[in-house]
Amino acid sequence: MSIRLKDVLIAIGPALGVTLLASTGMAQEAAAPAAAAAAAAPATPVLDTGATAWMLTSTALVLMMTIPGLALFYGGMVRKKNVLGTLMQSFAITCVVTVVWMALTYGMAFTGSNPYLPGFDRIFLSGMGMNDLALPNPVPESVFMMFQMTFAIITPALITGAFADRMKFSSMLVFVTLWSILVYAPIAHWVWATDEKGNAIGFLGKLGVLDFAGGTVVHINAGIAGLVSCLVLGKRKGYPNENMAPHNLTLSLTGASLLWVGWFGFNAGSAVASNGRAGMAMAVTQIATAAAALSWMAAEWMIRKKPSVLGIISGAVAGLVAVTPASGFVDPKGALILGLIAGLVCYWGATGLKHMFGYDDSLDAFGVHGVGGIVGALLTGVFAVKAIGGTSGLLEGNPGQVVTQAIGVCTTMAYTAVVSFILLKVIDAVMGLRVSPEEEREGLDLALHGETVH
Amino acid sequence: MSIRLKDVLIAIGPALGVTLLASTGMAQEAAAPAAAAAAAAPATPVLDTGATAWMLTSTALVLMMTIPGLALFYGGMVRKKNVLGTLMQSFAITCVVTVVWMALTYGMAFTGSNPYLPGFDRIFLSGMGMNDLALPNPVPESVFMMFQMTFAIITPALITGAFADRMKFSSMLVFVTLWSILVYAPIAHWVWATDEKGNAIGFLGKLGVLDFAGGTVVHINAGIAGLVSCLVLGKRKGYPNENMAPHNLTLSLTGASLLWVGWFGFNAGSAVASNGRAGMAMAVTQIATAAAALSWMAAEWMIRKKPSVLGIISGAVAGLVAVTPASGFVDPKGALILGLIAGLVCYWGATGLKHMFGYDDSLDAFGVHGVGGIVGALLTGVFAVKAIGGTSGLLEGNPGQVVTQAIGVCTTMAYTAVVSFILLKVIDAVMGLRVSPEEEREGLDLALHGETVH
Amino acid sequence: MSIRLKDVLIAIGPALGVTLLASTGMAQEAAAPAAAAAAAAPATPVLDTGATAWMLTSTALVLMMTIPGLALFYGGMVRKKNVLGTLMQSFAITCVVTVVWMALTYGMAFTGSNPYLPGFDRIFLSGMGMNDLALPNPVPESVFMMFQMTFAIITPALITGAFADRMKFSSMLVFVTLWSILVYAPIAHWVWATDEKGNAIGFLGKLGVLDFAGGTVVHINAGIAGLVSCLVLGKRKGYPNENMAPHNLTLSLTGASLLWVGWFGFNAGSAVASNGRAGMAMAVTQIATAAAALSWMAAEWMIRKKPSVLGIISGAVAGLVAVTPASGFVDPKGALILGLIAGLVCYWGATGLKHMFGYDDSLDAFGVHGVGGIVGALLTGVFAVKAIGGTSGLLEGNPGQVVTQAIGVCTTMAYTAVVSFILLKVIDAVMGLRVSPEEEREGLDLALHGETVH
Amino acid sequence: MKLIMAIIKPFKLDEVREALMPLGVQGLTVSEVKGFGRQKGQTEIYRGAEYVVNFLPKVKIEVAVNDDIADRVIETIQTAARTGKIGDGKIFVMEIQQAFRIRTGESNADAL
Amino acid sequence: MKLIMAIIKPFKLDEVREALMPLGVQGLTVSEVKGFGRQKGQTEIYRGAEYVVNFLPKVKIEVAVNDDIADRVIETIQTAARTGKIGDGKIFVMEIQQAFRIRTGESNADAL
Amino acid sequence: MKLIMAIIKPFKLDEVREALMPLGVQGLTVSEVKGFGRQKGQTEIYRGAEYVVNFLPKVKIEVAVNDDIADRVIETIQTAARTGKIGDGKIFVMEIQQAFRIRTGESNADAL
Ligand SMILES: Nc1ncnc2c1ncn2[C@@H]1O[C@H](COP(=O)(O)OP(=O)(O)O)[C@@H](O)[C@H]1O
Ligand SMILES: Nc1ncnc2c1ncn2[C@@H]1O[C@H](COP(=O)(O)OP(=O)(O)O)[C@@H](O)[C@H]1O
Ligand SMILES: Nc1ncnc2c1ncn2[C@@H]1O[C@H](COP(=O)(O)OP(=O)(O)O)[C@@H](O)[C@H]1O
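Protein chains in written order, with our numbering: chain A, 1 to 454; chain B, 1 to 454; chain C, 1 to 454; chain D, 1 to 112; chain E, 1 to 112; chain F, 1 to 112.
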């Protein structure tokens, strides 16, 4: 077995130090006053069976986004020799993050009372009683823990799109484990941790950064980590000269569709309730997604003369990403415009920007999730409607919200870029990041997993 | 880009006139007394979180029916060179109808108080507050609007099966947009619009036409439009001599399975509640579907000596279609018989009838959805049970219900046939409907979208 | 059509006799005192719309496990020439069991008051009113009946993995029909039937056998029946010399993912409530599954030098199976250990054990479901936590529970082995079980169904 | 005996096969191939990256015939496979020294 | 040197390959092809439309050998590939003028 | 005229095609094949069952050329397809008696 415990320990040590340093550093620059919590906060501590039903369902939906959704979305886009290796990444990440989450990172993200440092309760879920509620939400803590776990799963799985076709499976597992602990958990804590009354605990939440369902925590975070990793790993052999066309867009369209359907759990589930806020979140999600798919398609149609399957599904995912932070705060009209903009900007992100700088973000983890996340986070500050989420945006006369959003975006970008970079460099030094050129030529399926699609 | 705004405007004008004329014409022949509303109508205006949870779920399930369900069901049945083009149709329709629905057609279908003319409130969903309920249902209006949107999406997507492999993508988009406005929205209004107390507004609803989940509005409507469109477009090049066998029934069976699962949202969701009526709707859906799949399979086994995958999944879809109008009105035994009949009749629809008349309904949009919808709508009048849906059918001594059902069927057929025909002819004149023979030969994937499955 | 009614009747007679004999025989050896019911039993007879919403959803999720989940999981593992035939088995079983269930077996399993003999109420669901609750559960009986139906569907579908690639489709249908009546329904009755207060009726339930979601009823049952059927049918032609590698693990991974997602309905749905017990069941399901996937992967990585896609998905399914009986009784830490053990034992079951004895359990129905079910049922007795499910296990000082579990396991194994064996022998004598060598060589797709994947 | 190898457009396969039957051709073998020639392939564009698909799908027919009908077979293929547009394909003729039918062991002319 | 081209039933491939090894055959090349011959194809029926599948899956083996073992190779293939049922396939033998091993540049007999 | 049949490693296809263009080669036909030779295949293991994949993916290039450039074509392929590692493949040369371009009916040298 190629993962050696020693290597893992060697890697964790310094990286952990970095987190702590980084946390403290940020503490000084961002000691802002507490603001309203992002998530709705009904006061009653009674179990709501309807809300619980919806959260159980949402958990299933968000798990479905990663397996098989994202697995198929990415798997269809690589060359045939790498399809199983790509699917395997999403599946294995699901397993690894599940264990890391219950052992450590759930508690890091959602317990503790320090605005900068993650908590350390709930190690191996100790003390989580069967009938405890996840206050202020009227659902059992077990359900809330599971729902949030599915977010912790999909985030590193998104990163894999950036380094597709060339990363060692063993190194990928180590990277994802450490990244979950040192990057995902702290950022989730900063943005989403609340006390039992729903008051923000993390410094970004206190600052008033709006992120309903994970624009910063999930998408910007994964997108930037993806960009860093494709820079550190280098380009695929043969890029950009050889034909690296997606081998089976049937898989990708199926995956994109399941992502779309599952995203209802992601966004409407983030209301942690089955009420009008959840309904409105679902509606704006649908509208922004359709709008972004159409604007990407239209742009491609005009520029490239043909509307493509890869284009329309990429646009849909761009819309889903961009509306994620906004989904509890904007109204349908805002969502429509937000979606149209996101489709166009991400089209540029996945075509213009990438070729301008020449990095090989293979499946556009940064071009779609990073860029889309940034666009969405900022536009949330523009389109936020007080009657929906309790906070006004620029269009309702509150330009400060855009600034707050920008602070959230920049903090996340800086933190994830630095820590991801260090992690990758350490792992590279210890065990190597990339498969050998022969293995890459042969394809991950046979080289790493000894299997092939016949 | 091949859609020119001018063309669109040229097309909308006359077509809109036709709707209005048609509506008024029908007004005179069908000014019948109001009857009980089709949907259950509890009186209490308090949000039910359980019902809302189920409606949020149902919305996800019905979206999943179109993407990826129907996309895969149809995509597997075409030749390999057209698979991406076929998938693309369902996906693009999802996007286009989402925008048309929020901009216009939701309000047309569900607001207004005229029995014949659609309403014009809720343009771009203006005035839909976050906490408004969709009275008489105990769920937020945003949720009801979303649930109904998924029906508006799948209906035109069903039509595409009739003209598979040969329609221009641009013309298809224009057709679907206009058809949603001029055909779908009015018919939905006639059958389903109710006031806040649950009293029918539309003239077909007032007449007492029973259509629990869309036998007329969705299936007959799509089936007839499909028949008209395959007649207007003409046969596929090489039909019926060349081998046009489904290229990958694995995709089709996956799609049919997702249609089945998603249909629980379609039918049981149409109770707009999570109670015994929803449960019974789910039960009869399951039973009728299984029965139809088995009767189609048995017929094929006897006649053709082999039971086929395409046969059993077609039978299942036929059962799902036929039980759709009946699902809130019949009991399990009625559903069993209804399913057995539907499987046999649709088997004949997709094999005998089609070859008798020689039209090229490529994937049997009419043979399964049209024929199945008609069978189901009529049999609803036969098997309706007062203890379930409040209305007795023929077997409980109310033969009049069959007549009422027949009126509903004929009105829908006539209206959709005429308006769909005019729309197609206008679009043909303005921008052409069919790809060139070379493009058809080459396949839609490469010709229209510049992509291929490798 | 090759199913002759006469043959069916000939077969039913003796087999039914066997059930009765077997039942009575067991009655004498196991007249133990009644113990607490396995399922939670709230007393209130009021409809809970939240619980109902979750049960409707769970029903959809569990149906999705069979079609398309299991269909794809198995379909990807066979050779290309058999993929449609394999998919067809799951789909046809779904249809057949639906009809058998509503006609007969639902009533057999869940009505009646004899601890050994199944009930005979609810034939064709007669007397199941729309608003009746499935007491003691706060959900409509129609919903409970549907939820349980999906379990009755997947169980025989699991068996098909053992005799993949060689059984006659017609004989398979007859076998599944009889097996549902003579094996599944009685065992479900013994373990799960309760009165309106939630007191166990069946003798295994009374004995205190814990089986939250179907470790014995579903997995051990199917696994043993699979083992018997692969022994009776004999090996695939060419096994083990010819290359029988899975033709498309993309399908299998997709199927495994849908099984995982759907299993949330299976296990958390078995709480028949949307509360902390459901939430905890979902959590332990996730944790055990991930742990088993990782332990299988690790074992394979160490022994075979490469972690494979087939390995990690098999491990995940092994974990899902093993946690099924335990899911309402263990806590997260117990689930973690249970999963780790299950992954290792099933790895041995599907590799070592099978090759040791040389039977051809083609897709490891016994190796994964049988072995995993036994491991899970026994470990439930070890890890059960009083605070979760009301019963303590070995680790909480109640070693007797392990013995009780062992009795449940052995009873199930003995009964299903004997009756399945007799059924198969009878069907073999009457109509033959196996396709001809030519048909097997040609592949089931063309030989049985006249279709092929192009 | 000759081995006639024809590379043609895929949708012409059925026409060619049917045209050959009356000449007494009792069998042939077909492969899916990719052809590169004067006819230029499509450009596929994925997220801004262009891939020129140099190779076009073609079908290769291999048919072994006796010398006496070889010329007529060649002519027939040429007529049946022609569309007159670029990319119609080629026919190459080679000498077969021996031929056998596996089932019976018959050889040469009898084997065809 | 000879190029021996054999069209056989797919499931016979492994047997043929194994039978050839003792003769000193060090390599061969295999293609999946579709064959049309006396053996008739299946009819597939889809929703009432019948498609006659004229072409059956076959495997084409191409093996280059020195003249001295050519006859034994042919015989061996014939024995190993025979089932005695229709559709067993054909063997065609052609002359190779030159052969090269790409890796080393060796030619003719040395290249095989 | 010669038919030059080269069996090469798949990823070398584009290089070979590009190297042939300057020599005046105007077309070629490519098939995906599986090769058995000195280079040994992978072992795939599925739930404890080992399947030795004896056959490796290769690409077969068939190119018909006039005698005058045949030698240069062979050399060029050899250079472009060589990696120096086992499994690089083979080149076989056969005589073509006649060649035709289907579109125009041109024959022999004109047809290539
Ligand atoms: N010299 C050649 N050797 C082998 N195959 C060739 C050769 N030239 C052309 N072909 C095959 O014939 C096909 C058609 O050739 P092309 O030049 O495109 O059109 P045309 O034959 O009408 O001039 C090519 O795609 C290729 O498969
Ligand atoms: N004249 C021919 N040229 C090329 N291939 C042929 C020819 N005749 C037969 N074949 C190939 O041999 C296969 C078997 O031939 P067939 O006539 O079906 O059976 P048999 O060889 O037993 O008489 C065919 O499927 C085809 O691939
Ligand atoms: N005698 C042969 N006849 C036909 N094809 C051959 C022959 N020998 C080798 N090949 C083909 O050439 C490929 C490479 O041969 P191999 O022996 O593996 O390597 P090398 O050519 O470097 O010695 C094989 O995979 C096979 O496709």
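It is worth saying that the hints were derived from the structure and are not from the lab. Be aware that one or more of the hints could be misleading.
[Unchecked claim] Listed next, the in silico PhoX-like pairs over lysine-lysine satisfying Cα-Cα at most 25 Å (straight line): (1) E:34 <-> F:85; (2) F:2 <-> C:305; (3) F:2 <-> E:2; (4) B:305 <-> E:40; (5) B:80 <-> D:40; (6) A:305 <-> D:2; (7) D:2 <-> B:80; (8) E:40 <-> E:85; (9) E:2 <-> B:80; (10) A:80 <-> C:306; (11) F:2 <-> F:40; (12) C:305 <-> B:306; (13) E:85 <-> C:237; (14) E:2 <-> C:80; (15) C:305 <-> A:80.
[Unchecked claim] Pulled a few chain D residues facing chain B out of the computed Cβ check, cut under 8 Å: (16) 44; (17) 45; (18) 55; (19) 76; (20) 79.
As the structure is a computational prediction, the values presented were derived from the model and not from experiment. Beta carbons: idealized from backbone N, C-alpha and C, even for Gly.
Status of each hint after checking the structure:
1. Between residue 34 (chain E) and residue 85 (chain F) the CA atoms are separated by roughly 33 Å; this puts the pair beyond 25 Å, and the hint is violated.
2. Straight-line distance between C-alpha atoms of residue 2 (chain F) and residue 305 (chain C) comes to about 48 Å, which puts the hinted pair past the 25 Å bound.
3. For the hint linking residue 2 (chain F) to residue 2 (chain E), the alpha-carbon distance of about 15 Å falls within 25 Å, and the restraint holds.
4. Distance hint between residue 305 (chain B) and residue 40 (chain E) is fulfilled; the C-alpha atoms sit about 18 Å from each other, no more than 25 Å.
5. The hinted pair formed by residue 80 (chain B) and residue 40 (chain D) meets the criterion: a straight-line CA distance of about 21 Å does not exceed 25 Å.
6. Proposed proximity of residue 305 (chain A) and residue 2 (chain D) is contradicted: the alpha carbons are some 48 Å apart, above 25 Å.
7. Taken as a hint, the residue 2 (chain D) and residue 80 (chain B) pair is broken in the structure, with Cα atoms around 34 Å apart against an allowance of 25 Å.
8. With a C-alpha separation of about 12 Å, the suggested pair residue 40 (chain E) and residue 85 (chain E) falls inside the 25 Å cut-off, and the hint holds.
9. At roughly 38 Å between alpha-carbon atoms, residue 2 (chain E) and residue 80 (chain B) are farther apart than 25 Å, so this suggested pair is violated.
10. Simply put, residue 80 (chain A) and residue 306 (chain C) have alpha-carbon atoms about 19 Å apart, close enough for the 25 Å limit, and the pair holds.
11. Taking the CA atoms of residue 2 (chain F) and residue 40 (chain F), the gap is about 31 Å. The hint is violated against a cut of 25 Å.
12. Distance hint between residue 305 (chain C) and residue 306 (chain B) is unfulfilled; the C-alpha atoms sit about 45 Å from each other, more than 25 Å.
13. As the CA atoms of residue 85 (chain E) and residue 237 (chain C) are separated by approximately 19 Å, the hinted pair is consistent with the 25 Å bound.
14. As the CA atoms of residue 2 (chain E) and residue 80 (chain C) are separated by approximately 34 Å, the hinted pair breaks the 25 Å bound.
15. Between residue 305 (chain C) and residue 80 (chain A) the CA atoms are separated by roughly 23 Å; this keeps the pair inside 25 Å, and the hint holds.
16. Residue-level restraint check for residue 44 (chain D) holds (minimum Cβ-Cβ distance to chain B is 5 Å; threshold 8 Å).
17. At about 6 Å, the closest approach between the beta carbon of residue 45 (chain D) and any beta carbon in chain B falls short of 8 Å, and the interface hint on this residue holds.
18. With a cut of 8 Å, the hint placing residue 55 (chain D) at the interface with chain B is violated, because the nearest CB-to-CB distance is about 11 Å.
19. Given the 8 Å rule on beta carbons, the hint for residue 76 (chain D) is violated: about 20 Å separates it from the nearest Cβ of chain B.
20. The beta carbon of residue 79 (chain D) comes no nearer than 19 Å to any beta carbon in chain B, farther than 8 Å, and the hint placing it at the interface is violated.
Of the numbered hints given earlier, the model fails hints 1, 2, 6, 7, 9, 11, 12, 14, 18, 19 and 20; all others are met.
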